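**Q** Line by line, the protein sequences give chains A and B.
All the letters of the first sequence, read from the start, carry residue numbers 1 to 362 under full-length UniProt numbering.
All the letters of the second sequence, read from the start, carry residue numbers 1 to 362 under full-length UniProt numbering.
If you're looking for bench data, these hints aren't it; they were derived computationally from the structure.
Here the structure is a predicted model, which means the values were calculated and not measured.
Errors might be hidden in some of the hints.
Identical copies go unnamed one by one, so any copy, or any two together, can satisfy a pair.
[Unchecked claim] Derived pair list, reagent style DSSO-like, types lysine-lysine, alpha-carbon separation capped at 27 Å:
#1 Lys-325 - Lys-25
#2 Lys-325 - Lys-220
#3 Lys-332 - Lys-8
#4 Lys-359 - Lys-299
#5 Lys-91 - Lys-271
#6 Lys-271 - Lys-8
#7 Lys-325 - Lys-244
#8 Lys-325 - Lys-271
#9 Lys-245 - Lys-58
#10 Lys-245 - Lys-91
#11 Lys-244 - Lys-91
Number of protein chains: 2
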Amino acid sequence: MSTSSLPKTYSHYYLENRGTFDSIKFKQDVPLKAPGLNQVLIRVRAVSLNYRDLIIAKDQYPLSAVPERVIPASDGAGDVVAVGDGVSNWKAGDRVMATFTLDHQNGYFDEASFLDSTIGGAIDGMLAEYVIMPTSGLVRVPEHLTYEEAATLPCAALTAWNALFGTDGSVALKPGQSVLLEGTGGVSCFGAQFALMAGARAIITSSSDEKLGQVAEAVKTLGGSRLETINYKTTPEWDEEVLKKTGNQGVAHVLEVGGQGTIEKAFSCLKQGGVVSCIGFLAKPGDMPPNVALLALVKGAVFRGFLVGSRRQFEQMCDAISLHKMRPIVGKVFEYKDARAAYEFQAGQTGFVGKVVIKVSN
Amino acid sequence: MSTSSLPKTYSHYYLENRGTFDSIKFKQDVPLKAPGLNQVLIRVRAVSLNYRDLIIAKDQYPLSAVPERVIPASDGAGDVVAVGDGVSNWKAGDRVMATFTLDHQNGYFDEASFLDSTIGGAIDGMLAEYVIMPTSGLVRVPEHLTYEEAATLPCAALTAWNALFGTDGSVALKPGQSVLLEGTGGVSCFGAQFALMAGARAIITSSSDEKLGQVAEAVKTLGGSRLETINYKTTPEWDEEVLKKTGNQGVAHVLEVGGQGTIEKAFSCLKQGGVVSCIGFLAKPGDMPPNVALLALVKGAVFRGFLVGSRRQFEQMCDAISLHKMRPIVGKVFEYKDARAAYEFQAGQTGFVGKVVIKVSN
């Protein structure tokens, strides 16, 4: 390892006494280690935030144990600055993203132990000036993307990709079908982009015409004439509007991010035999959960839970992003020193569409 | 059934003493029958020809027995002029196409007896002024298409659709992947259109720059910037060119229509784990067949034989064609009286791209 141009120390954020955003702490002068066997050292350039990052800081994350003083954030992009022994396929200067689940290489998420390798949660994440990652957890950044854009891909984009293309053949998304996206958050924006890219009709909802306009503008070159928008504030019966926009066929895929506030309406505008990809679990305490068993039975539907996607899927997604010169929708960029403000902005859910990014270094 | 405006008799072509195109005979003054239970009477407006039609006339078709005096041609479009008892979902005036395999409603072609219901071969086909079809064998014509265009869909288009979207999830076509189309015949042209529509890169070969230019022009609005063309006459090592155009990844899907002249090169530019959809079986007598077992083993490939597709797939394909306002490439239109000339023109394989159509009535 050549370390001539590398600093001796670096800084990172970490979470301590989780419960509120006060748990987000900053640490400097941490000694920089060398990458080991089959590892690379990455200078992080940008990080993006997900809903998961917020609830991990708030100690509300149900899916995996989170160790004290973990480095937060699953999503980041940077460049390789040093490689360890045994590394032949990566070199200094390569632009990379880390995968959300380091051990999920291919196929379905069919080992519970995969959860132990989810970064920014079960193990250290990306909100740091430097990170060390195994080569098995790296994906190359598409050439046309900036680091800020690339940092949005590992969790939200791959979740949307897996929802649309990770199902078995008979229910895989096909050109001409319709996809429902709820709201204009990261997953939904990516879902709209991928659905259009795949020749489908994308129907996206929001309470804000301005946000819907921003999405429409951003997807123009991907087949934007196939985007339909619905303001669910001015059209509270938005499920009926979805049916209308699909000639009463209903949508073949729903990216269900809304949780119990939206599930029943999502099923009501789902086509027979459609797929509901269950991504969100927003719920107010005390609310009665919807009767998904009955809803799925009536529609002969697949209700599918999954966590992000595999490295192979990530690579396939990047091929598609490259071929289409697709650009992720970055709603707002914060400086590294303002990471906590970025968390608060993301939690506010207003004033942006797409992804919130933290610029770590130039 | 109201028959007030219908003629008493009609004409149709039929095949007798098959072996050459001399077997194509014409018959007039055939009494027009009324449709029975769950049947409709269709006034045929246009028919398109496929390679299968040629070799059925030449008595070289290997897949099913063909009865003497069969009415030829699998592909046609027309309008319903009368409906039989029990028909509630179709009415006079509806524009329809018949399905290639009347009994193949959904799922895989998993019953050998399906072959007994393939029209224009095992049973009577579409080269007639009127035909009677069961409602289970009907698909609605997309609104924006003419009868001539619609007549091209039942066999060639659905074959291309099934090749790309009829495989199981892990090998289903995804945006960003590449598809190889061999030549500019009907299936290959449709394959290029569907691949582009689905966000893939389409690579099409031909010996003629003029034909390649015609295809490029025709697919412009479907994402034509993702079309790549290769002249295999000026680039005999076209498989290497395919690899170059895919950044050495190779193609994920091949629509293998060329038979043994192309199979080895197709495998050589196939990506690891790709799919070769086996559609053609052109071969000169005495030629040694390629070692597909070894080729497939080396590439971990799926080599997939199938026959056209199901009615459900046909309907899904029409949804896609409608959403994209896609137009089939019609290379040449013949008059009804010149049906034999159409056969000869199609057999010549020169002077057109896409489909050869016979206009039956206005």
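**Q** In ascending order, which of the hints set out earlier in this document are inconsistent with the structure?
**A** Of the numbered hints, 1, 3, 4, 6 and 9 do not hold.
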